[in-house]
Every structure is written in structure tokens, then in C-alpha cells.
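There are 2 protein chains.
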Amino acid sequence: MGSLANLPTWQEKVSWARAQRDASLAKVEPKLNGIPEADNLPLSSQDLPKAALTAREIEITEQYGITELLGLLRERKVSVEEVTRAFLRRAALAQAATNCLTELLWDQAIERAKYLDSLPEPRGALFGLPISTKEHHGMVGANVTTSASFVAWVGKAHGGPNLLYDTFWDEGCVFFARTTQPQTIMHLETESNVYGRTVNPYNRDLTSGGSSGGESALLGMRGSILGVGGDIGGSIRCPAAHVGIYGFKPSIKRVGTAGFRNAGAGKETIQGCPGPMTVDRDGLELFMKVALAAKPWRVEPSLTVKEWTPYKFTRPPKIAVQWWDGVVQPHPPMTRALREVADACRKAGMEVVDWNCEPLDHRKAWDIISALYWPDGGKEVLGLIKESGEPMLPLTKFIIEEQPTVKELTQHELWKLCVERDEYRARYAQAWSKTGNDGHREVDVILCPPSFGAATPHGQSRYWGYTAQWNLLDYPAAVFPVTQVDPARDAKDLDYVPKNDQDKFVYEMYSPERFSNAPVSLQVVGRRQEEEKVLAALAEIERAMGRA
Amino acid sequence: MGSLANLPTWQEKVSWARAQRDASLAKVEPKLNGIPEADNLPLSSQDLPKAALTAREIEITEQYGITELLGLLRERKVSVEEVTRAFLRRAALAQAATNCLTELLWDQAIERAKYLDSLPEPRGALFGLPISTKEHHGMVGANVTTSASFVAWVGKAHGGPNLLYDTFWDEGCVFFARTTQPQTIMHLETESNVYGRTVNPYNRDLTSGGSSGGESALLGMRGSILGVGGDIGGSIRCPAAHVGIYGFKPSIKRVGTAGFRNAGAGKETIQGCPGPMTVDRDGLELFMKVALAAKPWRVEPSLTVKEWTPYKFTRPPKIAVQWWDGVVQPHPPMTRALREVADACRKAGMEVVDWNCEPLDHRKAWDIISALYWPDGGKEVLGLIKESGEPMLPLTKFIIEEQPTVKELTQHELWKLCVERDEYRARYAQAWSKTGNDGHREVDVILCPPSFGAATPHGQSRYWGYTAQWNLLDYPAAVFPVTQVDPARDAKDLDYVPKNDQDKFVYEMYSPERFSNAPVSLQVVGRRQEEEKVLAALAEIERAMGRA
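So the sequence lines, in the order shown, correspond to chains A and B.
Residue numbers for the first sequence follow the UniProt record's numbering, beginning at 1 and rising by one.
Residue numbers for the second sequence follow the UniProt record's numbering, beginning at 1 and rising by one.
Because the hints were derived from the structure by calculation, they are not lab data.
Hints are supplied without guarantee of correctness; some may be wrong.
Said to hold, decoys possible - Computed footprint of chain B on chain A; a stretch qualifies when at least three of its residues, placed anywhere within it, have a C-beta under 8 angstroms from a C-beta of chain B:
1. 63-69
2. 152-165
3. 230-237
4. 402-411
5. 457-464
Said to hold, decoys possible - Chain B regions said to be covered by chain A (calculated; three or more residues, Cβ under 8 angstroms):
6. 69-76
7. 191-197
8. 371-379
9. 405-417
10. 429-435
What the hints assert, rightly or not - Under the rule of at most 20 angstroms between Cα atoms (straight-line distance), these lysine to any residue pairs were calculated in the SDA-like manner:
11. B:LYS289 with A:VAL305
12. B:LYS295 with A:ASP166
13. A:LYS379 with B:GLU413
14. B:LYS434 with A:GLU413
15. B:LYS416 with A:GLU408
16. A:LYS306 with B:LYS504
17. B:LYS386 with A:HIS412
18. B:LYS416 with A:THR410
19. B:LYS434 with A:TRP323
20. B:LYS306 with A:THR410
21. B:LYS114 with B:GLU29
22. B:LYS318 with B:ALA491
23. B:LYS306 with A:SER433
24. B:LYS364 with B:LYS306
25. A:LYS312 with B:GLU307
26. A:LYS416 with B:GLY377
27. B:LYS379 with A:LEU409
28. B:LYS533 with A:GLY349
29. B:LYS295 with A:GLU300
30. A:LYS306 with B:SER79
31. B:LYS434 with A:LYS289
32. B:LYS379 with A:GLU413
33. A:LYS416 with B:GLU401
34. B:LYS416 with A:LYS492
35. B:LYS416 with A:LYS318
36. A:LYS289 with B:LYS306
37. B:LYS416 with A:HIS158
38. B:LYS416 with A:GLN271
39. A:LYS416 with B:ARG547
40. A:LYS533 with B:LYS504
For glycine and all other residues, C-beta sits at the position ideal for the given N, C-alpha and C.
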């Protein structure tokens, strides 16, 4: 692999990074068989595991939910090493299918598994649980550096401890794979010059979403059971939704980011928050419970000092359905999903009302947040891109240069924008509180799309409104799988007249065949810092849908 | 009084503002007698009430603590109107003695009192309680505008609702007086071109502190029983300490500021927080309990969603005494106060250790916070001063132009400073956590000076380190009265060799006679967002001191 010193071109740095990744994957033992060559991969990767993995590996990676798997591990009905090896091999398969990994932690994971198996008693809330992690989250013990998808940072020593991961480690988990993210970590897809493009495991012509799209592709292949993402505009929820897994974005400052590596350190007008991406709902609460039980605010003092306190509804929650956001009409399968879930909730005895957000002007929210993402006009990241000579990707151009709101701000302009943000937040909060006026019960959660539709074709994720809205408001939000695109039921409305350019762009993108079988998910949103209530509402909604 | 339209000079605007104030004071009925002319006021104002007020007024304003007074009001053993009139007259006296008011709310307060007396049943947690308020806090119903001490804002319509005050109003309080603050609201004294200088009720040659120095002078005269201040660098604690009352600065975002009027709106790198200034300890918890029971986060969404949850020590707290801050040696009476309280705590069975903060570099904290106060280089406030033509006061010059750290920052410079701030906070948190290592109990609170000494002579409050340190860290902190300067016990250490320029400045300021009888207070500091624990610790400490 050689050293990175004096590598003259960005392409050589990329080759070095990929060689590092490939070397980590070459450790897989036994080798994976039965995977077609890259050029001959099927559109959907869902049938690949049957060909490449053993029945036992498939059982371990597919048959158990998180709680069940943890139970088996704790009771030592399965060894940590066997579980770890199964997920390592399945992750390698996911990489071959979707290009979702930056590194497989083969040696470290097996060493860790053996250590845990050697303990006289299992210990820790995550004993033996494999956890996959996003590349820009610094880690102790990982071989490679943390480039955060900047070629300029490839091979530079940016690892190091990470408070959240230290907590999981202390609770007995096994880190086994690190996953891709896009250039600048600010696309709702996953493409970088360092590792190329990550694709959707249900349809390689579609994106796995982003920015935590390596995690979603991996989890969508069941190559992981619990992953860690981060979300500042949809980066957990959009990819989770696009592969039909669960994802949760807490309010900021509930979960720590100390040890994460990305541009914009010290920028605090809009911030991201790490959160879980999991194959089942249990994983969301488990993640939060374990993360907060460690009292991370004692180490990272900007975090909110508040224990995790599970919420219990004493009567069925009141749900407000946001059918559209007043800017862009969702695609037909999304509207069908909303209808199906709303009906189920109503049948289960919940009060279901409409969330009419047109007067709340979601477009204004986007104008504010898109400017607050880059109060330096994007100078820092553009400089990092320039530093290596790597090309600026189209979705980077979209989110920085094509947003009319983005410019380098003076301090006074920044203050003014923060005031606008706060006023917008106050208006939204007021609207929410008002639902409880005149003898009505206040709305508990909003049920809404996590995107205008299923996963988009590559390069088309150019409308963030359905997720970024809740980042601007700092509301906690969970996504959960509902259905799949079904051409028989999700016909295009040929009479629809788009209301604006973005609406037109989104409308024209849709044809049922293009998205056939793609997962369709929904989003549950709560008021700021009501993380516990959102997860409780999600449980009620899923029960109404007939799930356990 | 006339209108403000077309007033050409800043002096005329000032005259207009003072005439407004004087007209509000002219309503006092019966008139106050027995107060010497301004030029003949005694050094201490403590004996003035006896001459000017009736025995019953003195009883009402002096004889009861807050809990007791609220009890009498609730049981209707005293009418709200009688209480209100007594405090109104005593506040007018305080104004004559210390120049602490911007407006006496004579008519409104009496009207409100009559209304409360007319209710068939008393209602609200603050039923009938007079509350005084700092001028820059917007208010509904106040006649005059909110100038925030800028001549440029005099007479402009900047009142309006204020979330915190609305809460108190809903709980049945009576607003009766509005109080002075300094130019820019960023001095630890109280002098503005609008209202002149506010003086200490114990010694008119000393400051009442600042920026909530109108409140402290008023409360130090017992012209109010509970006032609302705000603190971004010491503005509650310093003035409370200088007049021997109680004050409490919560962590930011625990209590709301919606409706406050000051420069720097939208600046969020360092923020202030309102808090109580009271004649007794009960008032601190009462303020917090009532403020948070209203769930202000539902209206002001940036606030922390966390109920007020009283803390109970199950064993005596562990106290760390900070004898000095590593920069400036406190004056002898302050060191004596520390020693007396530490001894009392030890005698009461508490573990008392030293807080050695030299390795924690408090000077560095000042470098960070002094820059973060003015990321625009002070441009906005200097512009406001220039706009009217009012002169810049020496302590404005001190905190903006004389701080080498202050300059207009680029966004990247700002981010860098925020990273430094967060790193500093993390180091401090780590040091605190470490006190719990090796089988030791972790320190519960730090006991430290709230200032290098008692109230300073006017213009000398040029070292903020003893309070601003806890703003940078965002730690909650309460001040409480301990003793008074006693020349017999507080001799100057003539052998002391100052360690730096600031230390020299502070050392040379001291002579026991100059501060004779000035109140000396101490400060109790807890970890971030542990408001409840700080107040519980203060109660334990005061019990150790033999107080109820």
C-alpha cells in the first residue's frame, strides 16, 4: 500500500484509500463466492446473500431482531465470534453489491469478539452486538484515518477517541465495519471522489440516500444490525427511509459528537446530531438509552443534562398527518403510505387530524437553514476540495453554489439570520400549541413523509424540505418502513399541475416502474427535545399497523 | 414632558427620559419626608427608612421573608394594596438615596393590587408579591419605552410582552418598579448617560455593582423583595454580592429571554440568562419553580425542556474552596469570609477540600469570553452610542476597546474561538470529574468569591474573572451574604507582592477603611445545568452557618 507521503495527485490519494479498503476486505475468510462481477450485478441485491452466505450466517444476520440477538449473546447460546464473523462476511457482500464500506475491521472485530467470549460472564448492555459506523466518526483502534470524504484529508491522522463510541465499547459492542458518506457529508445521496458511489440494495439505479448512505446500504443488506449515522438535514432519516430500515434523529445536544471529524467545527448556528440506524424499532431506544446512561454531558459539556426517561401514553396518541409540505407534492406511493398508516391509526382508536403547514411556510425554513449551513459561503469546504484538486461533485455544487441564500455572512448578518430562525421556531411552536386550544387535545406527533418519495435515481436528491424542516426546528424525528412502490397501486397522476419549479422537478421524476419495489417509509416528528415521546408514538403507530 | 419627536441633542433625550422618571416618582402619596437633599445624603443610606417611612411600612418591607409575606398575603392578613404601597414608597426612597429607578409604576401597581384584593380567592404562586424589574426587560403595560440604556433608543417603542414576566403576572405578582442598568448593560457597575450613576446603599462612594445594579441598590434598601436581573458576565451575582442580598444565575436556556431588549440579538456564542435577586434564599427557588412550571420552552423553543426538580442531598455535600482564581488575589475580607464559611461547613460534617484552579488557567477563559462578547468588534453598540452622540463611558471603553481580544471576527475565526471555548469547557469538566477518582467522592459545588472583594469605588470594577468564569463554563452559580468588611479583622497584607498588573491594580485598591461596613458575599457554583443542586447546596451551607 505504501505511504501517502509526497503523493502528488488526488487520484493517487484516492487509489491509496481504496487500496486500504480493499486490503481490509481481502481478509475475509472464507472468501465470498457466488457474487457476479461488478458489471453483472443484478438490479436488486436482495438475492445475493442466499448465493454467497451459509444458511447459518443467514440465520444469524436475518432471523433475529436486536433484542433477540442480544438475548442469545447474553445467554451464550451463540458466541460473539460466530455473530461477528457472520456480519463481517455479510458486510463484505454488501460492499461488493453496493459499495458501502470504507473499511472492514476484520482483525479488530474478531479479536474483540474472542475477548468478549473469553469473559467469565457477559457484561454490558450491548454485549457482543456488532455495530457499524460512519467513516467521519473518529475511532480508536481503527487502522485508517478519517478523511470525512475529503481527498485532502486522506491518509491524515484524524482518528482518535469518540465519546459515543467509547460508551458503546464500554457496553460490550463489537465495531466491525466503517461506511461511506458523500463529499462534504452534505448530500442526500452518497458519492465521493474517495470511494465513488454507494447504491441502493433494492435497486442499484437508485441512491441509498445520504449522507449516512453507506450505513443504509449496509443495513439494507442486513450486513449490520445497528449503525451510527448523523443528521443535519436528513442524513439519518433519508437513507434509512430509502432502504426500509429504522432511523432516529434526536434533537441536537442530546447525543454527543466529541471526536467526530468534519468541516465546520465550531459552527453552531445549525448543528447535526448522531443517531441510530437499525433493522428494528428496539434498536432506536436501545441506542438512546445506552448513549445517555453514560451521562455524556459530564465529558462533553455542551450536551443537555437530561436522563433518558421513557414516555408512556396513557391514552392513544393524537396524530397530525402532513400530506404535503406546501412546496413539493409527494409521489403517489408516499401518499398511499400516509393514507394506509393514518387509516390504521384511526382504526386503532387514535385521533387523526391534518397538519396543514401551508401557513407555516416551509420554504422559508429552507431559506434560513440553507444559509445557516454555510455562513462562510462554503469557503472552508470549497477550500478543502480545491486543496487536493478533486472535482466538485454536482450535489456539492447544488447545496452550496446553487442555493441563492448561501453567502459569506458578516457577524451582524449571521445574528439577523439567527433571529429569523428563532422567530420561525417560535411561530411553529405556537402553531403546535394552538392545536390544544378550544377544548381540543394537543397534537402529540406529526406523521409525514421523510422525502418526496422513494429513493431517487442517482443525482436527483435535490429537495431536502421533508427532512431539513425538522433540523431547522430541532424536532426529534424517527423514520420507519411502511410499504414498497407498487406500480399497480401507485399510478402517476397525469392531471397534476405542478405548483413551482421544485414541484415540477419532483413530479417529472416519477414513474411507477422506475421505482418499482423501492421501500417507502414514513416519519414521526415530535416537539423539540421530546425524543422519548416520539419513540413511544412510533411504537403505538406500529402496533396500530399490526406490528409487534 | 412633551414628545420626543425631533429632539435634536442627546442631552435633550436624556432630559426627557429623566422627566418621565421624575413624573412617575411625583405620584408618591403621601410624599416622602425626612430625606436630606441630594448633596447632603449620608454615606450609608441604611438609616433613611426610619426617618421617611411609617412603622407599618417598615414592618411590611423589612420584617418578613418572601415565604412569610406570601403567606400573609394568601391568608389575607395583609392586603395586596397595603403591601404594594409600602414597597412603592420605599422604592421611591431608594431612588432618592441611590438613583436606582428608571420608573416607579405607581398607578399600574396600585390598580393591580386593588384587582388582586378584589378577587374572591387569592390565586397564583406569587399572589400579591411586588416584583421589581430591570429596564431592558420588555414589559406590557409599562408607560415608558425600553431604552436598554442607549440614548439612541430613548423614547422608542421597544416595550412589549416578555415571556418570563407574563408567567409571573399569571401567578399574581405586582410589578411596581423598573430599575437602572449601565451603558451597553456590560459593566459590573451601573452608570449610563440616560440616568447617571447608581450608588451602593451601604456606602455611596461604592458601586452597587452591575449590570443589574439598579435592582441591587433597590433590594439593598429593601425597596423590593424580589427583583429580576440578567447575567452574562456577573450582572446578577456581582450587584447582589455588593449589597448583601441573594442572587442566582442559572445555566443559559433554563429561563427565557423572549421579549428582552438589548444589543446583540441573535448572537449566540455566549449568552446571558435572567435570574432572581432576592432578600432571602427562598426567593431563588421560588423564582425558578414558578418560571419553569410554566413550561416556557413551549413558547420560546430554544429553552431546555426540563422541569424544575428539587435536589436533595442524602449526605452532606462535598465542597471545594477556591481561595483565589490564579490571577487576582481577593481582598482580605473575602478571604476571611471563605475561611469562616469553610470552617462552618467542616464543623457541620461536610468534606471541604481546596479547588486549585491554577492549572485550569482562568485567564484563558477570560481571553475567550471577552472576545466572544463582541464578535463584531463591538460595532453594533459603538454604532448605537455614536448614533445619539452620547459619550462612551470609561467602563464601556474598558470592556470593548481596552480588551486586546476584541475584534470583528470572520466566520472562521468565530468557529475557531467556539472550538477553543468547547475545549476549555471540556478540560474544566474533566478536572471536576477527576475529583471523584481513586475512591474519592466527587466535589458537589465550588465555594468561591463572587468578586475580588466588596463593592468597589466607582469606576474600578475592571476585573470580571470571579464571575465571568462561570458564564464561560455556563455553570449555575448563587451568591449569598456572609459578612461585612471589618477594619479590625481585615487588615491589608503589606507584604504581599502582586503577581501581575491586574493583581496589582486590585491589591492597591484595598484599604480596610475605604470599604468599611460594605457587605461581603460568597458564591456557590455547580456543574452545568445542575441548578437544583446548587440551590440545595446553598441551603446546606447556610444551615452550617447557623441560618434557618
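A quick look at each hint next to the structure:
no. : hint                   : verdict
1   : 63-69                  : violated (count 0)
2   : 152-165                : violated (count 0)
3   : 230-237                : violated (count 0)
4   : 402-411                : holds (count 4)
5   : 457-464                : violated (count 0)
6   : 69-76                  : violated (count 0)
7   : 191-197                : violated (count 0)
8   : 371-379                : holds (count 3)
9   : 405-417                : holds (count 9)
10  : 429-435                : holds (count 3)
11  : B:LYS289 with A:VAL305 : holds (18 angstroms)
12  : B:LYS295 with A:ASP166 : violated (34 angstroms)
13  : A:LYS379 with B:GLU413 : holds (13 angstroms)
14  : B:LYS434 with A:GLU413 : violated (41 angstroms)
15  : B:LYS416 with A:GLU408 : holds (16 angstroms)
16  : A:LYS306 with B:LYS504 : violated (43 angstroms)
17  : B:LYS386 with A:HIS412 : holds (17 angstroms)
18  : B:LYS416 with A:THR410 : holds (16 angstroms)
19  : B:LYS434 with A:TRP323 : violated (52 angstroms)
20  : B:LYS306 with A:THR410 : violated (34 angstroms)
21  : B:LYS114 with B:GLU29  : holds (16 angstroms)
22  : B:LYS318 with B:ALA491 : violated (30 angstroms)
23  : B:LYS306 with A:SER433 : holds (17 angstroms)
24  : B:LYS364 with B:LYS306 : violated (31 angstroms)
25  : A:LYS312 with B:GLU307 : holds (17 angstroms)
26  : A:LYS416 with B:GLY377 : holds (16 angstroms)
27  : B:LYS379 with A:LEU409 : holds (15 angstroms)
28  : B:LYS533 with A:GLY349 : violated (43 angstroms)
29  : B:LYS295 with A:GLU300 : violated (26 angstroms)
30  : A:LYS306 with B:SER79  : violated (42 angstroms)
31  : B:LYS434 with A:LYS289 : violated (24 angstroms)
32  : B:LYS379 with A:GLU413 : holds (13 angstroms)
33  : A:LYS416 with B:GLU401 : violated (24 angstroms)
34  : B:LYS416 with A:LYS492 : violated (50 angstroms)
35  : B:LYS416 with A:LYS318 : violated (44 angstroms)
36  : A:LYS289 with B:LYS306 : holds (17 angstroms)
37  : B:LYS416 with A:HIS158 : holds (17 angstroms)
38  : B:LYS416 with A:GLN271 : holds (16 angstroms)
39  : A:LYS416 with B:ARG547 : violated (48 angstroms)
40  : A:LYS533 with B:LYS504 : violated (56 angstroms)
Hints 1, 2, 3, 5, 6, 7, 12, 14, 16, 19, 20, 22, 24, 28, 29, 30, 31, 33, 34, 35, 39 and 40 from the earlier list are contradicted by this structure; the remaining hints agree with it.
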